[in-house]
Amino acid sequence: MTIVNARTIDDALAALAERPDSLLLQGGTDSMVQMNFGRLDPRAVVSLRGIRELREWRALPDGSTFIGSGLPYASMEKGGLAARLPALAEAARTVGSPQIRAAGTLGGNLGTASPAGDGLPVLRALDATVHLRSATSSRDVPVAEFLVGVKRTLRAPGELIVGVTVPPAPGWQGYAKVGVRNAMVIAIASACLARDGSAVRLALGAVAPTVVRCPAAERAAAAMLAGGRRPSRDDAREFGRIASSECSPISDHRSTAAYRTHAVAVVAARLLERSFHG
Amino acid sequence: MSTATGTRRDVLGTSALRPDGWQKVAGSFDFSSDLFADGMLWGATLRSPHPYARIRSIDTSAALAVPGVAAVVTADDVPGKPTYGLIHQDQPVFARDVVRYMGEPVAAVAADHPETCRRALAAITVEYEVLQPVVDAATALDAPAIHPDGNVLRHQRIVHGDPDATGDVVVEGDYEIGMQDQAFLGLEAALALPDAGSVTLHIATQWLHEDRTQIAACLGLPEDRVRLVLGGVGGAFGAREDISLQVHTCLLALVTGRPVKMQYGREESFFGHVHRHPARIWMRHHATRDGRIVKVEARFVMDGGAYASTSPAVLINAVTHAQGPYRCDNAVVEGWAARTNNPPCGAMRGFGVVQACFAHESQIDRLAAACGIDPVEIRLRNAMRTGDLMITGQVMDSVAPVERCIRETAALPMPQDADDDPLSRPGGSGLTADRRHVVRGVGWGVSIKNLMYSEGFDDHASARCTLQAGRVSLKFATAEVGQGFVTLARQIAATLLGSDDVVLEPMDTDIGSAGSTSASRQTWMSGGAVDGACRMVRERLFERVASAHGLDPLRLAIDGTDVVDTMGDLRVPVAEASAGEAISHTFEHHHRPTEELDEKGQGRCHVAFAFVAHRAVVDVDPELGIVKVVQIATAQDIGRALNPLSVIGQIEGGIAQGLGLAVMEEIIVEDGKVRNPSFTDYLLPTALDAPEVLATLIEEPEPMAPLGAKGVGEPPCVSSTPAIVAAIRDATGRALSRVPVRPQDICL
Amino acid sequence: MAEHYTLRVNGASHDVRDAWLGESLLYVLRERLGLYGTKGACEQGECGSCTVFLDGAAVCSCLVLAASAEGCDVTTIEHIGSDDEPSDVQRAFVEQGGVQCGFCTPGLVMAVHALLDANPSPTRPEIREAISGNLCRCTGYGRIFEAVDAAIRERGA
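Residue numbers (the working numbering), protein chains in the order written: chain F, 12 to 289; chain R, -13 to 734; chain V, 21 to 177.
Any given hint could turn out to be false.
Claimed, not checked - Subject to a maximum C-alpha distance of 20 Å in a straight line, what follows is the list of computed SDA-like cross-link-like pairs (lysine to any residue):
| hint | chain 1 | residue 1 | chain 2 | residue 2 |
| --- | --- | --- | --- | --- |
| 1 | R | Lys659 | F | Arg50 |
| 2 | R | Lys586 | R | Pro149 |
| 3 | F | Lys89 | V | Pro140 |
Source of the hints: derived by calculation from the structure; they are not laboratory data.
Note that this is a predicted model, so its numbers are computed, not measured.
My request is simple: use the sequences and hints to build the entire structure.
Set out below in structure tokens:
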């Protein structure tokens, strides 16, 4: 096994060009578990820990937000970024423990592409774009396309996730995650909802091979909320019911498909209601 | 830092601080996993991936060829008895022809690095013929035997009073308890040092001498060539009562002639120790219209897993506690512990009583509802008292303040209204619930728990006390696993001998057995041994002072740190009085004998009992099925608070484990395969899940107990579980007959 | 890329030679540098026993590839205090009964120092959240909360 401790993005890209199959290690919160358990034995590692450029976020002139792939979740929970993207702050706070949030990143969340990744419903609901670079090229891919399936992405060998850009998201946004413990849980189901007037965007996590959007529920919401109407309790329930029909959860040792379906319906409904009374 | 300063003395009744606390906070305390030796090898275990399979062949040649590998051992290399076990020696050191559970050891390696071990294990080829596992305990009883000893690990019937008695009100239910793990934080670890055919093992265990007996037999060595030293123990809760890596580590050290260290990772730990028995319990209560229990009927089927471990004793505890802390004149109870191809189950805090209690407390709430009586009132109406006859025919002759436990629990204040901070709500930072989604419920659990070992077993304890020039030295083999016996032992000596200079010698097998640190027994048993040894030393000290001053030794007493004449002016500091030759005594404490149950389940099988009541307040999000335990109020029968801080620690810690079983902790086994052997998926309560705990200590000294104190470790986790479930029922109206309660049980 | 690398731990440089590069920082601290105060109990960031400061941030050392920590400042429990000179937080843990088996304790001490250094007067939920990544199986956390409260009082006095 070899390791390159990259200090700059260019360092990392050069190392990747040489060994395109290198394991990219950012916070280590997923890959190190695999290595500790002997399930991953990479021949080459490129550590991104030392790359300052990846640990930054900035507000862009058009109102969108760039978030470096190496920015730890702890930096999203409070402060300027949290003010711009409150749903991301709420999602970040549910990630693991404080120790995990000091290490874990959106780059890792995207690269690992677990359906239960806590940041992913936010990126999906807010139509974020993933920036990829290699030594010879760069490209931007919508999150929707980037996430292909369970632990499968469009990232090609030799490519590095540099960051994501979240377009301006006026209006309300919020996040909810269902787990049976009050801290440190892997999502049984999660949801991010963004609403600007009657335009509702909803993404669900942990209830399909990848994070899903709910176009039918979003259309139903637009109709319910047309003309500035507030949703009744029944409206919200119907919205949740439609959303839950747009996912395909599995049963496993963490929960059952039936519960996951029920839970996303409940949290989607509650998020819609919450978007009106904070 | 650990010596007393000023006027404060660490005598009995004070909240003396742990003597090992300063090292533990600094990280300098040596846990067994922190031990190392020059030239040390690492050991690792190959385990079966199948719950039930025949072994056709094992080829270790490729593993031996891995550079850095010093030895590979299998069943063929076990020089002594091929099996071990606490009650029946039915569990192989290594599987030979057949594996009976997923995770059963098949081989072990020793190598220069843990990673080398991992590669060597991967290089061992085992050819299995996979068999259909027996995974249901009830059907296992009549299924073809999966072990030469058969599939019934124990069967016991209890018939008491009039088996045909009936009541005007009858309630019945089926209950199920999931498989809980002890989940101590300090993983299994040991260091074995070979020396010319002898071996010294530094080990985190609950019972050094019993380990030694089993290890020596398997190694084919006389016991005097196997020495055990307690390595620092990072929690136990029952999981260290059985052999895990002990024999493997010693064997590898003897085979290689080098020190060998073994330590499990968390995943392996789930396969390497026994768990709490899953159980299915049917129970029916007959009562009068005013809620007085006439008869209890019950059937228990407990899943012992592949090997016996302590299943027979766990079963007896379960069936003999079926009545709960309530008077009951008539009973028909029957129980089985079955062998299956599931993970072996054995000791865990509460030891069979946890399962029984969930059933009888669920039942008594049903009875209350059927009779239209308040849950507190019905418990008071039936509360057991000293002098009552139990369903085993044993007279309850322990102090039995059941009624007081209930009343004092009820007197504790209820919590304030729901906290506005979302972190305190069901779902916590997941922000799933607003305040309006949350319903609060209240529930009760009351329990009885036996103390010490039962059924004729003489689990005695030894201790030696040596006094010289004011310094007391105590020697015992009591496993300190975190419970605080090291604190208590010093308090006993400080009190009886007037010394603030009490040192503890290493805990090892160089003295007689202390019995196991389990069954809430060490305060009573090892406490009794230290107490006895100190009293004998004190007698000799008084004789010495008396003869020097021409007094009757009966006139002398300890006052503070002095020997004083109670009828005169003489006052001699203990340090001065004990100058010269050391005074040393060893004392062996025995509890009163118990007896085995007869075929009708009658007999004085238990030594003594303790009682506790729990009231749980739980916030529930009924639509999502998520809960947050807000408060547990408890009043516990402890005899005497020898160290109030330690008692509170045991109460709060036990309640957290009871909470875990109530709402989140379960080893999920499907077709004999464990699905969640990690802390990602086996969920322990976190700081955000911990309830507020209000505790009242009920101090009615127990005359039978050497220090007047009852063990306090187990009761907190026995009835906290049913109290929490009762509170969820109160909030939701759901029947909830299974623990842990899962979200879908509440909302679907 | 070298087979050896340098770690800066508690202010001192340590050469790590002939090591398998897949080793976690937890393993290297314990088995190569002899700093056994940092404990491991899950190898997957779920228990917090292995908490150290990495460039000032409390992280799980089991999830740090040791060789990737070259150039970082690592602080372990050994740097926080000693048996004879405990820190305020360490003293509070002993005096309030926050220690039983003690296996989780070094990690908890690190987490509480991280909390109080950043926020001298945390609310009760903030305290609970700050240590929610540190599992304790013995205490039920009650005496640990008392210890944190005592340390806060002492710092405020």
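Structure-based check of each hint:
1. R/Lys659 / F/Arg50: 19 Å, holds
2. R/Lys586 / R/Pro149: 11 Å, holds
3. F/Lys89 / V/Pro140: Measuring from Cα to Cα gives roughly 17 Å; hence the hint holds.
Consistency with the previously given hints is maintained throughout, with no hint failing.
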